[in-house]
Every structure is written in structure tokens, then in C-alpha cells.
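Here the protein sequences come in this chain order: G and H. Here the first sequence is numbered in our numbering, starting from 36 and rising by one per residue. Here the second sequence is numbered in our numbering, starting from 800 and rising by one per residue.
If you are wondering where the hints come from, they were derived from the structure by calculation, not from laboratory data. Just so we're clear, the structure is a prediction, and the values are computed from it rather than from any experiment. Even for Gly, the Cβ is constructed at its ideal location relative to N, Cα and C. Hints may contain errors.
[Stated by the list, open to error] Some, not all, of what chain H presents toward chain G, calculated at C-beta under 10 Å: (1) Trp820; (2) Gly823; (3) Pro824; (4) Gly825; (5) Asp826; (6) Arg1021; (7) Thr1025; (8) Leu1031; (9) Arg1043; (10) Thr1045; (11) Gly1046; (12) Arg1052; (13) Ala1054; (14) Ala1058.
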Amino acid sequence: MTATHTRTSTPTAPSDRKTTYREAMREALREALGTDERVFLMGEDVGRYGGCFGVSLGLLEEFGPERIRDAPLSESAFVGAGIGAALAGMRPIVEIMTVNFSLLALDQILNNAATLLHMSGGQLPVPIVIRMTTGAGRQLAAQHSHSLEGWYAHIPGLRVLAPATLTDARYMLAPALADPDPVLIFEHGSLYNASGELPADAGPVDIDHAAVRRAGTDVSLITYGGSLPKALAAADDLAGGGISAEVVDLRTLRPLDDATIGGSVARTHRAVVVDEGWRTGSLAAEISARLTEQHFYDLDAPVERVCSAEVPIPYARRLEEAALPQVHGIVAAARRTVGDPVPASGADETKRQPVNREGGPR
Amino acid sequence: MTEFTMPSLGADMDEGVLQEWLVGPGDRVHKGDVVAVVETDKAAIEVECFESGTVARLLVRPGTRVPVGAPLAVIEGEGASGARAGARGEPTTTGAEAVSPMVAASVKRPRSQNPPMRAKADRERAARDERPKPRRKAAGEPKSVPEIRSEPRKEPAHTAAGPIPPQPGVSAETDSALGTGPLVRHLALQRGVDLMTLHGTGRGGRITRADVEHAQPGPVPRVRATPYARRLAHDLDVDLTELRGTGDGGAVRAADVHAAVCTRAVRHQPGRPTAHQRDDERTQVAVAGDTRPEQRTDTMRRAIADLMSRSKREIPHYYLSTTIDLAGAVDWLRRLNRGRPPTDRLVPAALLLKAAAVAAREVPALNGFWQNGGFVPGAAINLGVAVSLRQGGLLAPVIDRADALSPEALMARLKDLVQRARRGRLRGSELSGATLTVTNLGDQGVESVFGVIHPPQVAMVGFGAVVERPWATGGMLGVRPVVTATLAADHRATDGAVGARYLTAVDQLLQKPEEL
């Protein structure tokens, strides 16, 4: 686990300015805590330590221990407490360190948060927001690096968000808190240090629809979260080769925005789904299936998927890189769809991954 | 009982729109009667009935687009009840009624037809209608029982190819003697298998159930294409089977379809050699039955486009040309026409057509089809004549047995066909079965025309204008009428020497017009 101990400046008002994903998240939290008395933040190390990714740094000092609550190392307990608080009328934001640990709270999330509204005949909404990091790429090894958001996207009753841009990081929290249903926000660990200009006019984010981050005509690169920068880089690369790639940022993993995804593919007739999850039973599989169901007659090539190798994410840098979707793999897949395959370079990633291979080292 | 099905009115026809019914339920129809008007991509065509009997039911409403081979109506054959009656009580009378097929078709039909005659008629028709894919089932008239048994001559299996329900009084043994049993025929109908294309493996060459089951319902190769390419091809009316895919494993992709459309657009600029114009085309005659000239032109253009693309893609053409001295022929015509009213006068075109037909008798290698990798000679010389239409496009109606017609008869037939082609009132049988096509651009003033072969035929004869030219003959120079005759022929079927023989034969025939 990495922790940032450096205090960063915390501007109070949004303006067109340079910021980071981490700061944008913090700003969103500060805004939520400042505007609604019912909101509180709870999780391991969110208070005195400032959040293990530094997101909540300084908030304890600002809002006090009543509202920035350090929780014991028991995900099931503090997520359950958060659900109870939500049922009691509060607006809890619960932070789970990584998605791997969230499995300890899966019972609370799946059996309580996601189901109570249904099982109570609509009487018990659970307006909880659960934040957690996901994804690999920082050499944190298997127990801190997996991408399991697709599992949560499987569960009806949840809304699953994956902010990939500064604007989404800054402005997704408010609509998430406003949603009467449990909302899970997956923050990719590699994005926290991403910096850029946050537009002054950026406003509340639409958490119902996917976003087209880059327009194109030849192939749709469909992705989300930590893979978005890679897809954009791949689109740049492809543009150099005369291939116009459209990049669709799913943004909301559940419910999926079929209209935007399908609309893009109806224009480009080719799709590459980039998903850091494992291929088998993945979100990429779901999207591919939906494209086949709804847009079969728009497809001019088989849907390609660029996913993580079906192994526990390795620690060693080279191995970790090899296991994750990378720009050249996305480029190669996109070229295959337009019938412009890269000459064989010997790099394994340029080849189509076997579809039916079960997990495990090859 | 038989089904009257949508006929294939040309090698390039896959479906047609039933425009109107000329008969209704309960009407008696005879073989050869015009029963419906079908609109194809090219024209509205009067379709003849190939059965005699009573129309039991009309299955398709006018305005419906129907694929070739789909049932349009049910015709209750007279033969069906006749056979039944014959089997029950009067087997001997049927044999006595040995009526010629011509008579049988024109007069009220006997209850049952003499089977050998019937078979002969079928064979003749099959020969005349020879086409790459004879989709139409041969007449399904049940045969009267005793004659079959007493007639040892082996019948072609296809004469029994109609869908005939099992009949009381017809024993299984007798049925098998017919070549195929009702079960087999039913199965063939269900699977869309044409029994005429099968070789029986059963006793005495009989077609068995297994033969039908193993038969492919026509060679329909599965094209590897992306779903989007398929959709595009359908929308843009592109034949996927004619495309070469550039995708993974040779799959046809959208880009290939677009490329094909572009190529098609380029290839069909105006002024292609086969696009005829004729003088009387400019005369304004009301176009009967053609309510959508714009659309018709478009679809016709596409149909021609597809056919001609196919021709140029598949057929390696070679071209020959010769200039023929017509002094003798023109003189002869002048003398012949002298005493005649203008309407009865012969024009050189009639002589040219006649010569083209007779020459095909002398060089039969150019008269027929290229099918399944081999040349199939035409059973007769049925001359297709390219006729351009006022609204654009062209048809090639057929003059059956043109070589046997006198120039006068040929001329009359030609006039009739051209007029009806332009009114959109050709019959289906008049559009199919050509074994060799002639294109005559003489009226347009060009000197020579090099045609594009109409698949699956193997040759196209072209005539230019009859023009006066300085001409040396017998060491003397004189001004004489000449015509340039050309031949475009399929190099797979014949070589230049054969083509040369043909053109020479045309030349020689035209030197003795009185013998034509």
C-alpha cells in the first residue's frame, strides 16, 4: 500500500485549473460533507492517516472525528454499519481500501445493501456510497491489484460507477449520494496521480450514460476507469496509422448504457472492449454479448476483447505489465477488426488471446 | 393437383412480383394459357401455365414479391381425377385417346393423356427450355396406370417430378415403375431438390429416398461474410457470392461490398456496347402496365449490371469481326420487296438473323451453354434478340427455332416481340431458353458492335449498320453495301478457329439469300 503523506493544497472553489484525480476526489468529499449534514466518511485509515491513497487527507481536521471515522480492520462490520446508518437516514460514504478486501464485505453489499429495497417491498432504500480502489499497475501484487468491479456490476440493485477523468472524479459523488440505491464507486489506483485541467464549467456528472471521449469512424474502443488513458493512447497511435478510433468511456458499469455503446458501434461497425478484468465471465464478455444481441447486423468484424491475462496479477514489473491490457495490445486488436493486422512482431500481446482458455499460467 | 410456381424467367431472376391474376379459382386452364402477369426486374411478363386443369386456389395476392419456385396457385389437374377414374373402371379407353400434345393443349383435355406422348412433350419442352437451373418442376400429371406398364421404354425420371399425392388404385409397385414414388417426390418438394438433377441409385436407375436426402438443394455455397457486410449487400443489392473477401479467412467485409458497388457504378457508364437504341424507340407509345418506369429502370439497370458483371468476370471473351459483302442480299431483298406494300417488306435485319441462326446449325459449338464446367449444346437454335427499351435497359426475347423460320416469319416474329417487349408484355417462355443471342445496332448507325455474352450462353453475335463502302471484288473496285459481323465468344467453350468458321458461314449464307 502506498500512502501519500505530502499535504497538498486544497482549493476551495472550482475554477479552470490544474488538479489531480486525488484532489478532485477530495474536493468532491469536502463538498458532500460541507453541504449535507447526513454525510459522513467511514473506513480504514481515512482519518488520522488521511486515507491510504491520500484522498481524505486533511478532512479529519476540517470536519472532526464524528464525520471522518476511522474503522477497525473489519470490512464486513463497517460496511454493515454504513448500511445501517443509511437505513437510519444518514448518507454514509464508506471507503474500502481495495476491491480485493471488499469481498469480506460482499455479504453486506450483496445480501443487504443490494436486496433490502426489493425484500422490503420498496420500504427500505439503502442510500449508501461505497468507494474503493481497483486495478493493477503499481506492483502491489495479487491481493491488491485485481479488478473485480465486473462482479459487482453483476448484481442487480447496485449502481456501479467508474470515474476515469478528473471531471468524473470531482462530480460523480454528488449524484451518487443523491441516488436512493447503493452506489459503488471504483477508483483505479493508477489514476490518483493523474493531473490535468479541471474545466471551470464542469458540472454534475450524468451517471446514467456512457461518454464518448473521442470521436472516430473505424472502430469503437469501449473501456472504463484505468484503461481509458490506455485506450486514448491507442487511439492516438491508431490515428497515426490512418485508423480513426472512437473511445467510449462506460463510466457507469451498471446499468450499462446500451444506447451509447451500440450507437458507437453502429457508426464504426467494429468494437474492441478493453477491460482490466479477467476475460472469462467479464464485463467485456457482457458488452460483447450485448453487441451481438443488439447490433449483430452492424458488426463488420468479430468483437475483440483486450483483458488481463487469466492469472493472479504478478508482482514483478515486467510480468505485471505483460498481464495487463497495454496500448500495443489495444492497437493490435483494433487493427485486426479493421483488417489491417500488424506484421507479426513476436510480441504475444499482438496475437488474439485464446477465448476459451481457463485461468492459470500458460 | 399441382402447384403453379413462380417460374424463373431468366438466369438472373431470383424473385418476381405477382402483378395480376388473369384467372380465378374455378377457371379451367390449359397448358400454355397465360394465367398471370409477373413483374421481374426487367419487365412485366405474362406467365403461362404448364398444367391443364382447374384453378383450385390462388395462394398469392397481387403485389406480392415471391421467390422463384414458390407456389402461386394450386391447380387441380384433370389428369388426377382421370387417372383415378381410369384405374377404377376404364383403363383401356385412356390408351385409345392418343392425342398429340398440341391438340391436347388446345382442345378440351382427355381425362388422361397417352403417357408416351406426354413424356415426349415433356422432353421436348425440357429441351426447349434448357436453362442452367431448371427450377420448374416438370409436369406432374399422373400417368394412367396400364400404359406405363405396357410401355417398356424407360421414361426419364423427371417426367414424374411433380408433387402428386398418393392415389388410390395405384399400387406401390406401379409407382416405383414410374421412377419415383410419391414419398420421394414429396420429400424432394419439401427439400427443394429438383429430381431432374438427380441420378437414381435405386433399381433400374430409380431415384430413392436416400438420393433425395443426400442431394444438395442447389449449389448454394455458404459465403463467409460479416453480418454488417451481409446487411449492406442486401441493402445495396450486391451478390455476396460474387465478392472476394479481404477479411479474416477470406470473409467478405463491408469494405468489399462498398468496393463492389463502386466498381459496378464505374462499369455501367452509358454507352456500353450492348445498350441498344432503336429508331422506333423514340416513337411515343403508351407504356401499358408499367406504372413505375423510374423504379423499373433502376431495378433493370441493376439486373443488367449484375448479369453483365458476372459475364465479364466469369467469361473469357474473345472477339472476331468480319466485313460481309451484302450486294447480293440487298439486291435480292430489293427485288423481293418491289411488289410488296411497305408493311410487308423485308429488312436486311431479318436476313442477318436468319443467317446467324442457320450458321449456328453449321457450327453448333457456339449454340448452347457453359454449365458446370462444360459445354452443353442447345437442343435447338433459339435465337435471343437484344431489344432496347424506351425507358432504358434491354431485354432479349427469344425466337424459337429461328433457323427453321422463313425470313418472312422471322421478321413477323421479330416485330411482334419487339413491340411487346416495349409494352412490357412478354411472356415468360419468350424470355428464356435462348441458346445464342444476336445484337443488331445497325439502326443506330454504328459499324460494329462487340457484345457481352449473356451467361450461360457461349456466344453473342453482333451486326452493325449496312453501309456502302468501296469494295474490291474480282479485281474490280466498286461501291457495295457491306455489314460488319462480329462474334464475342466464350473462350472456355470454343477457340478462335471455331468462331472464324461461324462468321465465315454467316458470310457464305448471306451470299445466297434466296436459299435462306
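Check: Any of the earlier hints contradicted here, and which numbers?
Finding: 1, 2, 3, 4, 5, 6, 9 and 14
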